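Asks: What follows is the residue order along each chain.
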Amino acid sequence: MTDLSDDVLLDRALTGDEDAFVFLVERYQGALLRFARGFVRQPSQAEDVVQEAWMGVLRGMERFERRSSFKTWLFRIVANRARTKAVRDARYVALEMDGDDETARGPDDRFTASGHLKAPPPEWAMTPERLLQSTEARALVMTALSELPDAQRMVVTLRDVEGLDAEAVCNILDISETNQRVLLHRGRTKVRAALAAKLSLQE
Amino acid sequence: MLSCQDVGRLTSDYLNRDLPWRRRLAIRVHLLMCEGCTRYVAQMRATLQLIRSMGQEPPAAESAHARDWFRSGRS
Chain A
13 MTDLSDDVLL DRALTGDEDA FVFLVERYQG ALLRFARGFV RQPSQAEDVV QEAWMGVLRG
73 MERFERRSSF KTWLFRIVAN RARTKAVRDA RYVALEMDGD DETARGPDDR FTASGHLKAP
133 PPEWAMTPER LLQSTEARAL VMTALSELPD AQRMVVTLRD VEGLDAEAVC NILDISETNQ
193 RVLLHRGRTK VRAALAAKLS LQE
Chain B
2 MLSCQDVGRL TSDYLNRDLP WRRRLAIRVH LLMCEGCTRY VAQMRATLQL IRSMGQEPPA
62 AESAHARDWF RSGRS
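Protein chains in written order, with our numbering: chain A, 13 to 215; chain B, 2 to 76.
Just chain B, same shape as in the assembly:
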């Protein structure tokens, strides 16, 4: 049986879908019975979604030199 502490340690891998199916199943069984871990995993999932959404930033306005680089790098 996995303890809550084990589930905490495995949550990141679990959310990556990086675990062997037996491990994954053991976590799902634990989550069915444990409100605390269910909430914790949901919060980690929400955190991860938020971190993943950080990539959509406006592009850098630093291209002023890019043309010079291109010209000198290609010559």
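Excised from the complex, chain A in its bound form:
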């Protein structure tokens, strides 16, 4: 059953198939918990949020019209619950402001005044193919992702790890298209920099 699509599992759950629902939970639970933590911080609160979201799925699945994918709907329910909880606990920080204003950092010294690279970035010690198989590289990416500011981590995770499109991510996080692009760009750039810091060859 693990290779069935979300839609098929949802159809089965709607007919009362408990196993189908359990498979959906298993498929998304880890990602949803990590995602919820970006809003509420405490692991136990994230678990509450995600559990409430699954109860919301059970209550709402008969009315779910499938104009978006199940996955988008699911992440949106979690985001809404998490936001409500964070607002109630007065720790909600709007995602638009991630406190990471690049213009405040001053000129980037990799470039000349006219915007040209002074030198090519050093080559990496691994080819892209080796990189994909390297446990070291994977661990570096995991760490780099976990250290991103919340908004950047959420956008990179939803877009690149979960494979959702830009429209779905704007919808889930309630952010503008421009903001989504900036957050994605900054997050990816930092992950590359983390890899470069460890993998660059001396030139």
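If you are wondering where the hints come from, they were derived from the structure by calculation, not from laboratory data. Accuracy of the hints is not assured; some may be wrong.
[As the list claims (entries may be wrong)] Here are the simulated distance ranges between beta carbons:
no.: 1; chain 1: B; residue 1: PRO21; chain 2: A; residue 2: THR27; range: 43 to 49 Å
no.: 2; chain 1: B; residue 1: HIS66; chain 2: A; residue 2: GLY28; range: 17 to 23 Å
no.: 3; chain 1: B; residue 1: ARG25; chain 2: A; residue 2: MET67; range: 44 to 50 Å
[To be verified] Counterexamples of contact, computed for chain A against chain B with all Cβ distances above 12 Å:
no.: 4; residue: GLN54
no.: 5; residue: ARG78
no.: 6; residue: SER81
no.: 7; residue: ALA98
Bear in mind the structure is a predicted one, so any value in this text is a computation, not a measurement. Quick reminder that beta carbons are idealized off the backbone N, C-alpha and C, glycines included.
Please build the complex by placing chain B on the supplied structure of chain A, with the hints as guidance.
Replies: What follows is chain B alone, placed relative to chain A:
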């Protein structure tokens, strides 16, 4: 003409194939002439492949409650 700094700012959109074709073409022309940006874009592409591959994790073993949820949510 795009500068290297412009290419750096556009790389993420370029890799998403989210740019109008003129912009895309301008980047490709720049890359033909610029070794530094070619390497940078290749590293960003490799980074992106790696991030995208992070989704293939083992499923969570947290389904212990899922059956209870299903029963209470459906009753």
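Asks: Decide, hint by hint, whether the structure agrees.
Replies: Results of checking the hints against the structure:
The hint said 43 to 49 Å for the Cβ distance between PRO21 (chain B) and THR27 (chain A), and at roughly 46 Å that hint holds. Judged by the Cβ atoms, the range 17 to 23 Å given for HIS66 (chain B) and GLY28 (chain A) holds: they are separated by roughly 18 Å. In this structure, ARG25 (chain B) and MET67 (chain A) meet the distance hint of 44 to 50 Å, their C-beta atoms being roughly 45 Å apart. Taking the minimum C-beta to C-beta distance to chain B, about 17 Å, the non-interface status of GLN54 (chain A) holds against the 12 Å cut.
Under the 12 Å C-beta cut-off, the non-interface status given to ARG78 (chain A) relative to chain B holds; the minimum distance is some 19 Å. With a minimum CB-CB distance of about 15 Å to chain B, SER81 (chain A) clears the 12 Å threshold, and the non-interface call stands. Residue placement check: ALA98 (chain A) keeps its beta carbon more than 12 Å from all beta carbons of chain B (closest about 22 Å).
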